[in-house]
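Chemist: Sequence:
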Amino acid sequence: MAVERQDSDDIRQKILSISYSEWKKMGFSKDTLHYMKKNVEADKPFTLNSHVRERLEMWGKS
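All residue numbers for the sequence shown refer to the working numbering, where the first residue is 1186 and numbers rise by one.
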C-alpha cells in the first residue's frame, strides 16, 4: 500500500521561500514555520495539518 506524500517539491520550495512576517500575516505562529523549515532542510518525508497545507497552497497565488 502506497502512502501519498504531502511534501512535494512545490510545497518544500514554498516553505523555504515564505518569510516569517508573511507567515504571521496568514495567522500562524513563527514556531510552526520554523519547524516546517527544519523538516524541509532535513530532507525527510513529513506531513502537514490540513489547515496549514491549504493556506500554504494558497500563498503566492494572489
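Treat the hints with caution; some may be incorrect.
Result set (DSS-like, lysine-lysine): computed pairs, CA atoms no more than 25 Å apart in a straight line [unchecked claim]:
| id | residue 1 | residue 2 |
| --- | --- | --- |
| 1 | K1210 | K1246 |
| 2 | K1229 | K1199 |
| 3 | K1209 | K1199 |
| 4 | K1246 | K1199 |
| 5 | K1209 | K1223 |
| 6 | K1222 | K1209 |
Everything labelled a hint here was simulated from the structure, so no lab data went into it.
Chemist: Which hints, by number, does the structure contradict?
Modeler: none
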